[in-house]
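**Student:** Please assemble the complex out of the two chains, which come individually in their own frames, going by the hints.
Residue numbers (my numbering), protein chains in the order written: chain A, 1 to 771; chain B, 1 to 325.
I should point out that these hints are in silico values taken from the structure, not numbers from a laboratory.
Since the model is a prediction, treat every value here as computed from it, not as a measurement.
Note that beta-carbon positions come from the ideal geometry of N, C-alpha and C, so glycine has one too.
Some hints here could point you the wrong way.
What the hints assert, rightly or not - A few chain A residues facing chain B, derived, Cβ under 7 Å:
#: 1; residue: R3
#: 2; residue: A680
#: 3; residue: T683
#: 4; residue: T684
#: 5; residue: Q709
#: 6; residue: F713
#: 7; residue: G715
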Amino acid sequence: MRRDGLLTLLLALVLLTTVPAYDRVFTDDAWRGAPLGAALLALVIAGLARRLRLPTWVALPLALGSTVLALPWLLGVHVGWREDVVGQLEVLRATFADGLVSLAAEPSPAEPLVGLVLLVTIGYGCVAVLAHEIIVRSGHAAPGLVMIAVLWTVPLAIPTSADDGWLVVVPFLAATGTLLLASVNLPREGPGAIPLPASGLALGAAAIAVAVAAPWLLPAQGQDPWLALGSSTQPRGYQPIVDITNRLGSPEEREVLRVRASQRSYLRLAGLDSFDGGTWRLGPGDGATYRPDPGALFPADQPLPPEEPAASTQLVEVDVEVLELENIYVPLPYQPVEVLGPIRDQMVWSTEGGFLATWDRAEAVGETIGIRQGSAYRVLAERPDPSFEELAAVDFPEEVLADHTQLPRDYPELGAVAEEVYTAAEADTVVEQALALQSWFVGPEGGFTYDLDVPALRGDDALTEFVLEDRVGYCEYFATAMAVMLRETGIPARVAVGFLPGERVEQADPQAEIALDEYLVTTGDAHAWVEVLFPGYGWITFEPTPRSDDSHILPRADDLAPIENEAERAEREGADALDDLEGPDADTEVPELPEQQLPEEGEDGAAADQAAAGGEDGAGANPWVVLALLLAPVVVVLLARVGQRAAVGRQLGDDPRGAVLMAQRRLYAAARRVGLERRAHETTREVIARWEAEGRIDRGRGAVAGTVQAAAFDGELDADRASAAVATLDRMAEELTGRVPRREQVLVPLRRVVAGVTRGVERLREGWRLR
Amino acid sequence: MTSTEQVGTQALDLHRVAGTLQAIEGNIQRVMRGKDRVVRLALITLLAEGHLLVEDVPGVGKTLLAKALARSIDCSVSRVQFTPDLLPSDVTGVTVYAPDTGAFAFRPGPIFANVVLGDEINRAGPKTQSALLEAMEERTVTIDGTTHQLARPFMVIATQNPIELEGTYPLPEAQRDRFLMRIAIGYPHADDELEIVRTHGATDRLAELGPVADTGAVMEAVHTIREVRVSEPIERYLIAVCRATRNHRDVELGASPRASLALLRAVRVAAAIDGRDHVVPDDVKALAGHVLPHRLILRPDAELAGTTALDVIADILSGMPAPTE
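Chain B on its own, in the form it takes in the complex (with noise of 0.2 Å):
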């Protein structure tokens, strides 16, 4: 195969791969009214093979997006209710006694699922969410000496509510790396609202939803999303945000090198879902806010004057050459 050849094939590849992934996306924003850039980042999410951690108030729709997303490509989907009492087993399954043939059979438990919705991770103790985590970071479980692998696409769609912190067990900073993004779903506008309360009960809109694509469609657009170029100027750009967060002045422990290759990951995906086959600024622009901030820890000084990591990356971005060619 020749070399042209193999960028026109590739070309093709990236251009069925954008038409797939808008379709998903539109599929999603059919249900979840006025959240097309939560849509979009949970499928940047999905494509980079991350994990989300949405840090908002219950009520605003992330058990279906969860679901939306999960029907869009025709896979599983489970939920876990966290709990101080739920145990590692009772998220990743347990070895069980047959007694009609006589052996033990492995029952898998909710994280053998493609979209995986953990509820108020926060709630659940240590060792639990460790568990967890682990599952998350090597997408295998290991329960009696056997190792399971676990479905892909493989995703967790974590929450966190930001306002009950009673009898919590917040996520260790460390512990929150292993998220790609931490988005806030939020409160729709206030016209969403209206039709959402219209239209609930009269029509099961998930229910309508139908797949617009599989998970071999899905796995394939993972690898072909290895494809988008990153040009050395951009990777430069992105290297140098991630950099900026561990000299800024109110920043305490910055950006890992594992932020920066999140950061890369999801910056692919944004180019490819755009149709392109290359990275922009723009791309690192765009998500460096939703990919950087939750594996920042502000000094308690910027913090108790209201700072937030968000308002650092920001602040970092607004500061930062970009490149233009």
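Isolated chain A (complex conformation) (with noise of 0.2 Å):
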């Protein structure tokens, strides 16, 4: 007990040496608390089932489920105590196929976002489920440490570009060798060991099948996965929201583009049409892989056609230099009109969420798509830019309604909050109501904090709770919360991501000869806002976001469209006050640029786009690759299991005594579930001698014994003894099985846990008594 106790502490140990091989991958070290959390749990979940002398199949199962249950609070996306079980998994689910959509749309390193650490936190947790059933249960170290080795070679197969390869390699092998030394003669049985005869061949094989095949499989910086499984020429569904809250979780900021533009925009990647409940997402919300309407996508290399014709608007002019960003989604004002640049032919403009992305070319078959470092492109947008008259005289067709209003369920407290925020506000016509609701939320009235730091919005009550009680959270609540609430009280409304636009570094100055502002964009300027769509005018931003920052542009009823944002706007104001300057900025002219001066792509295409090569709809071919990789130890167990008789036969030739011992575990394994196991005292004989007394088993079975024995204690033993050893002892433990009545198989657990109880208890008591 006390060596398996040592080894299970080295196996933590063996463990923990893994971690600094995922440290390549990730930007920072806030990802280690979970998996080295949920790895220790079950392994003293799996410790404990071992102790209590709980078969494998009880004690997997045990160590995985309460693992997995601790995974939100290991994670922080828990949503409460007050959320029940289901409602738990529930954010698990959501969280892991964030994790899908992550991991094929960031390269590594990437930053520690909680669905790619709940990945990993899987991985480490069945590793080290299965390695202590293995190593220390089975006492066979090396095929539990060849999955360890798979757990680690896969963040090492991830190429970097920084690389410190034997400082990863040291410490793990150090740690490896040492519990390889310590499971020296180990005991050959365990109580409820998985039989594994010669499988720790196959199980090792198999594994090591896996980490070499892992580096092709999955994506990495700069390189395609060599095996994908979905046609690259598929739309996919890709959820650009999870990348804003992703960006916004960066715990490092980076500038992400370099834009120069005419006036001030938010860049926008793409209207969220549909809510289900949880996130806004692409297309409509009926939960299926969103397909644009071929209709509704128009190449980019010509004039694009408008989403919502507008009236009133201003031209925009924007050049925009992606310094580190991969996306299909391409951020541009809104709505453009013409793209310009080398990469245009790879874009397409749909006029359904309003979006230009680079996929669904047909002439993009086997080439490389999306936007990427380098990638430089100039658009033209007319800005909506309406009177706050012209708006409240708009008129909304049923059409209109039916399309952009409508929820998965209602929401009558959040509908009637905003009416009271109408009432309160005395907003009659819809302009006046969404700006009364946004300045409900990012005035002093609503009493909201902007704060990056709070649990994943998730949940049935998690919207209504957000705004009815904490009131914390950033733009992404804010907007769904609003757009929510929108619809709810009968207004188109949908949520749009993108940046903001950023901090200005250069002022444009026609001395100079610098035609336009030039801004910098990082993480931190990733942002979700609302559009509510006024027909005629065209998707009119709201910005119900109280950043902190003052960076954000909030539209007002006397300027619908402001180009300043908050912090300038003060600035202004103050300058106003004081002696009352000139009037707005002059309207900056929009010089043309000669297309050659945007750089050039590069021909060769070498570089892949992650994004592209995956989504959570879609089909992409990575997160089935990685679900694979996680489910492959168990079917190797499995397959291990099913392939044992074979092994049997050939171990017969090879080693009799080997054959007869593999045998009498095989019948004892059966004994044990059927609740007649061996009582720790007998010798084979007596218990042989027991179960034919009993009934148990045929009378005159108990020569076998004497073989087993040989076998067992060196005595001599030729095959044909052996073999006809092996086939009585396999008889027997069909005759035990079979005469235990399947009610009385089913009860056998639960009766093992009583005497366990009871066993403690007695012996708490003989305590008690005697010392």
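**Tutor:** Below, the structure written as structure tokens:
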């Protein structure tokens, strides 16, 4: 027992030494807590199960199940104690889906996004439990270690820029070696051990095969996955809001875009038209894979039709240079009329959701698609800029309402709050109501606080709780809440995602021939906001998020499409108050830049686009490969058990002794399954005699005990006797199993628990009495 | 000689030894009605070169056992009735002056026999007892500076009457350790006793008993039995059982390493008699209750509660996981 404890400890140590390997693929070490916590928890529970002498088939689900239940807390995505188990699992499911998306979208090293960490955590949990069962319980260190080696190899196989190979390798080898040494001459039989005869080899071989295949299967920086299960030409339902949340959650702010623009404007990725109760998504909210109507798709090498006709607009010109962003959606000011630049040939404009994407182009087969570092393009857009009076006079036709006010369920509390806000603001028209709701969110009366460090917006009541109780969140919360409240009160609204305009680093200066202002957009500028559809004037932006840094642009009744952010506005108003300076910024002239000035797109196309390679609902290859990787150990164990019989046949030829002992193990395992286990103090002879006396097996089987013991204790043993004994032992196992009624067998684990408890109590009482 | 031949020869030897031993056993069983277990234990003691302590009332066949054993292997048997006035030299022998040769000659005592039956050993004084026990242990007797080798095989069957304790010198615990086993013969079964009564006097069964082996065969068996394999799990199990006696809550003094050695010798013989070339845990379980109990000193409170050393061994065996491979 003490040795088992030591082995478990060493196993934990080995798992710990695999951590540096994963550090390579994450930008910081915030990911470590959850996987290590899960591994330790799984080990502790598996260890306890072993001490309680529960068989493997009970211990495995027990350890894995409790680890899964603990995952929301380990990852910090739990939705509070009020939620039941189903709610927690739903959170996990959604996080898992996010993880698969991130896995496909994020190049390594990636930020420790919660979905990615969940995937790693699942891996650690599974490997910890299985390795425990194989190493500690069955005493087969090598196959167990091979599984850990797979865990360790996967991140190492992903190429990143930095490479300190030996630093990663040495601690692992040292710990592995120690464990191997400590496990020499392990007792061959443990309670409930998985009988793994020659399957150690099989397991090891399979694990090595997986490990070798892993580098080609996983996406990596600048490389295509070797095996793409889905066709790359299929439209993908990659959901951009996930991307936004992830970027905001990035612990280290990085510059993603350099933008030169004629005026400050939001860089929009897409408008999300359907709400599934938790997240806003592209396309109709029927849960199916999103495929835009081909009729709504237009090649970007021609002038783009508007998503919604807009009467009053302002021309905006934006040059975008991608610094560090890989995406299939192109950030641009809304709504674009023309895209310039070589990569526009790969882009397609969708008038459903109003986004420019780099997919669904038949010509793009085999080509790398998507924007990435170094991509550059110019967008000319006509920004809706209606007056308050124009909007106040808009009529809303039924079909517009039908299309854009759908919700998965009623939110009566949110509707009531919205109506209260409208009444308090005396807002009668849609534009007034939208403005009233916006100022309720950003103003002091709502009492909302901007904070990134909040649990995920998951669970049925999360949204209501956010609006009515917590009132702490970030852009996704505010945009989701406002859009839902607008829809609930019959106003066509949606959530748009993209980037804030960013920080202006250089001002246009006609004297210095700098025609455009230059902005730097960072991961912190990732944003979500609300758009309200005013037929005839287009989708108008509203901004419900009270960002503390005043970098957002707040539409007001007197200026529904402002170009200055709140910080500038406050500054200007202060200045105005002082000396009542000039009017608003002069309209910026849009100078034509020759197309050649744009950086040329590389022709080789060597760099792959991670974002294009996968999707949550789409046919992306990698999530499945990862799932297969996670399931591989389980499959291998199952295969090993299936292949056991064949192994016995082989062994009998080579090693009659081993075959007999293996048959004995099978007999005892069968007995244990039906609750007739050998008592620890019973010898082979005694237990067979007892079973005979109890009528569990046919009489006259005592002789086989002699053969078994000869095999076990260095006696003479010839192959004929051995094969006869194996046959007898297997027949005995069948007799044992066959003569116990099915219902009795079902009760066995229960009885075992009861017996364990009784024994424990007895031991306790004995202790009291005697000492 | 290659190793294969060695194994073959050895297996053949063990096979022959088993035949010899089973013949001896069957022979004795012909006169010891219904006492198969006692016969087996006595034979094990002989082959393990140990000595037997029989604690039983008179008249259950202790002498018969000794004589039958001696007769079966065609060897000498002697009997010493221990009394308080018995001197050491009465056991070991004396040097006497022979007038005709004019020299001192050694006249061997009863201990110079293959099988020595010491009746009521607890009646002799400590001095005599220890002379006997020393001879048992050393297998030599030194008289007047001359060392005399005792016969081989050599086995003492000593009896103690557990009932009449008045005027006796019970063996100290340390001395009991010299006996490989302590057994009780016990009253025969009713049917067996009927058979004994009917045949007694009609025919002298003992006289009819012929030898089935000689001392040479026995000594060969003793050597061959050392080849019986004791695998590591068995060794560990055996030692664990012995060590457990030292930590048992009812035991004041547990089994010594000599006890472990004795048990190891005994299980080897038991395996050989069964015709096995390897020891199994069942051997250990079967013999622990005979080899260990007389070496234990129980706590007074346990003794008062009626616990016996045999109970302690049974308790230990029922809690000790037995190896199966």
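**Student:** Against this structure, judge whether each hint is valid.
**Tutor:** Verification of the supplied hints:
For R3 (chain A), the interface hint is violated, since its Cβ never comes within 7 Å of a Cβ in chain B; the closest pair sits about 14 Å apart. With a least beta-carbon distance of about 4 Å to chain B, the hint placing A680 (chain A) at the interface is held under the 7 Å criterion. Taking 7 Å as the C-beta cut-off, the interface hint given for T683 (chain A) holds, the closest approach to chain B being about 4 Å. The criterion of a C-beta within 7 Å of any C-beta in chain B is met by T684 (chain A), whose closest approach is roughly 5 Å, and the hint holds.
With its C-beta approaching chain B no nearer than about 4 Å, Q709 (chain A) sits inside the 7 Å limit, and its interface hint holds. About 4 Å separates the beta-carbon of F713 (chain A) from the nearest beta-carbon of chain B, less than 7 Å, and the hint is met. Interface restraint check: G715 (chain A) against chain B, minimum CB-CB distance 4 Å, threshold 7 Å, status holds.
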